[in-house]
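Under full-length UniProt numbering, the first residue of the sequence shown is numbered 1, with each subsequent residue one higher.
No wet-lab data here; the hints were simulated from the structure.
Heads up, the beta-carbon is just placed ideally off N, CA and C, and yes, glycines get one too.
Where hints are given, some of them may not hold.
As the list claims (entries may be wrong) - Simulated pairs of lysine to any residue, SDA-like, Cα-Cα distance not exceeding 25 Å:
{"no.": "1", "residue 1": "Lys125", "residue 2": "Leu110"}
{"no.": "2", "residue 1": "Lys117", "residue 2": "Val58"}
{"no.": "3", "residue 1": "Lys22", "residue 2": "Thr69"}
Claimed, not checked - For each label pair, taking beta carbons as the anchor points, the in silico distance ranges come out as:
{"no.": "4", "residue 1": "Gly29", "residue 2": "Pro2", "range": "15 to 25 Å"}
{"no.": "5", "residue 1": "Asn19", "residue 2": "His82", "range": "25 to 35 Å"}
{"no.": "6", "residue 1": "Ala142", "residue 2": "Ser80", "range": "31 to 41 Å"}
{"no.": "7", "residue 1": "Ile81", "residue 2": "Ala143", "range": "37 to 47 Å"}
{"no.": "8", "residue 1": "Ser3", "residue 2": "Gln50", "range": "16 to 26 Å"}
{"no.": "9", "residue 1": "His24", "residue 2": "Ser80", "range": "33 to 43 Å"}
{"no.": "10", "residue 1": "Leu141", "residue 2": "Gln50", "range": "36 to 46 Å"}
{"no.": "11", "residue 1": "Ser80", "residue 2": "Asp25", "range": "30 to 40 Å"}
{"no.": "12", "residue 1": "Ala143", "residue 2": "Ser80", "range": "22 to 32 Å"}
{"no.": "13", "residue 1": "Ala143", "residue 2": "Ile17", "range": "19 to 29 Å"}
{"no.": "14", "residue 1": "Ile81", "residue 2": "Leu39", "range": "19 to 29 Å"}
{"no.": "15", "residue 1": "Leu39", "residue 2": "Asp144", "range": "24 to 34 Å"}
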Amino acid sequence: MPSVLPAIKRKGLQLLINNHLKAHDMRRGDRDALRRILLLLMQYAVTSTQLGKITLEVDQDESSEDRLTFRILDTGEGVSIHEMDNLHFPFINQTQNDRYGKADPLAFWLSDQLARKLGGHLNIKTRDGLGTRYSVHIKMLAADPEVEEEEERLLDDVCVMVVIVMLLRQKFGILSLAS
Numbered sequence: 001m002p003s004v005l006p007a008i009k010r011k012g013l014q015l016l017i018n019n020h021l022k023a024h025d026m027r028r029g030d031r032d033a034l035r036r037i038l039l040l041l042m043q044y045a046v047t048s049t050q051l052g053k054i055t056l057e058v059d060q061d062e063s064s065e066d067r068l069t070f071r072i073l074d075t076g077e078g079v080s081i082h083e084m085d086n087l088h089f090p091f092i093n094q095t096q097n098d099r100y101g102k103a104d105p106l107a108f109w110l111s112d113q114l115a116r117k118l119g120g121h122l123n124i125k126t127r128d129g130l131g132t133r134y135s136v137h138i139k140m141l142a143a144d145p146e147v148e149e150e151e152e153r154l155l156d157d158v159c160v161m162v163v164i165v166m167l168l169r170q171k172f173g174i175l176s177l178a179s
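Using the sequences and the hints, build the whole thing.
What follows is the structure in structure tokens.
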């Protein structure tokens, strides 16, 4: 989220991150798609929030261990019903803007499409004057630590002959003439 930090700072907003997962919990999934979803929604939240804070929460979904929920909560004016129509039909309605720019009309639709590719969906709840809650539910399998260790040991049984050959050359004065 470093790319939204300048805009958050410029507007004087607070950014809170609450990660409720275990410290060493590792998941498998499309990191780039998840990053894009969170970035689009964070940018929208920054644009629609004039005062207050934006919170990013990460939880394990209650329905299944292999599902995660990412929530972005803002204390902005709230997203209008017309703006939420952009979730299913991009560019159908105008989006909010602030003095720094306009919210992306593709943000909701694209975030939902990417979430669906990850086995989930986007849900938006809003209240006028109180803010908006964007919830992204996606499937991310827990990484198997034993498999990770096996993958990291690819070179355990490999002998490095280059070092041995170099030592023999030094000890016995063998010179190699290479062109």
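- Item | Unmet hints by their number, sorted upward, for this structure | Of the numbered hints given earlier, the structure breaks just one, which is hint 12.
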